[in-house]
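*Asks:* So the protein sequences, as listed, match chains A and B.
Numbering follows the numbering used here, in which position 89 of the first sequence is assigned residue number 89; successive positions increment by one, without gaps.
Take any residue in the second sequence, count from 1 to its spot, add 116: that is its number in the numbering used here.
Keep in mind that the hints were calculated from the coordinates and are not lab data.
These numbers were taken from a predicted model, which means no experiment stands behind them.
A couple of the hints might just be wrong.
Here are the simulated PhoX-like pairs of lysine-lysine, each with C-alpha atoms no more than 25 Å apart in a straight line [claimed, not checked]:
no. : chain 1 : residue 1 : chain 2 : residue 2
1   : B       : Lys127    : B       : Lys173
2   : B       : Lys173    : A       : Lys1
3   : A       : Lys42     : B       : Lys127
4   : B       : Lys173    : B       : Lys131
5   : A       : Lys68     : A       : Lys1
6   : B       : Lys133    : B       : Lys173
Restraint ranges, calculated between C-beta atoms of paired labels, are given here [claimed, not checked]:
no. : chain 1 : residue 1 : chain 2 : residue 2 : range
7   : A       : Pro116    : B       : Gly132    : 18 to 26 Å
8   : A       : Pro40     : B       : Gln199    : 20 to 28 Å
9   : A       : Ser28     : B       : Leu232    : 23 to 31 Å
Heads up, the beta-carbon is just placed ideally off N, CA and C, and yes, glycines get one too.
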Amino acid sequence: KQEVTQIPAALSVPEGENLVLNCSFTDSAIYNLQWFRQDPGKGLTSLLLIQSSQREQTSGRLNASLDKSSGRSTLYIAASQPGDSATYLCAVVRLISNFGNEKLTFGTGTRLTIIP
Amino acid sequence: GAGVSQSPSNKVTEKGKDVELRCDPISGHTALYWYRQSLGQGLEFLIYFQGNSAPDKSGLPSDRFSAERTGGSVSTLTIQRTQQEDSAVYLCASSLRTGIRTDTQYFGPGTRLTVL
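Please construct the entire structure, taking both the sequences and the accompanying hints into account.
*Replies:* Given below as structure tokens:
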């Protein structure tokens, strides 16, 4: 059974700092990995998706890396801003059959607070 | 274009009653997922629809839970004889499949269900 863990569970950093969020998964046979942010009382917003054949993806100040062999992904946020405060979730997809029956298995999340 | 929409946004019901939650996926998205986010438990997969294939129901917690997807578009998640432990935010997501490859999952705002 796939287990996805995120460390730390909570993180507070001053505005402007660069930071790294970590995600680890137990089954390396993944199809892709996705990072989301969730704002209080709201749904999930997709940030980045990394296919299993890729090593990293970048979008603006965000960079996500994937190391399948070690079961790890990191989300790097550069020059953090107060608007980055949210809960960040990583999720992996495991291809179950040729029909692509896929579901996301979510990590436990990291609650990020950027201090102005 | 319009994103994934869900209704109602909030639902309060009495224990033992049946409830129906609705999801309108992004137009053209063939894959539709239901997830549940319980307090202190994180996100868990419930059910997955892909085109006309038989749905993946492996995540449904009991036979009180069922879901339909009519015409390959709108989906309804039904919970019969609700229990207090059913209280959670129910999230719907959709994605576009191209052959075996799945794109990013886009989430709706969720329905917050409270069972008294």
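*Asks:* Hint by hint, work out which the structure violates, then give me just those numbers in ascending order.
*Replies:* 7, 9
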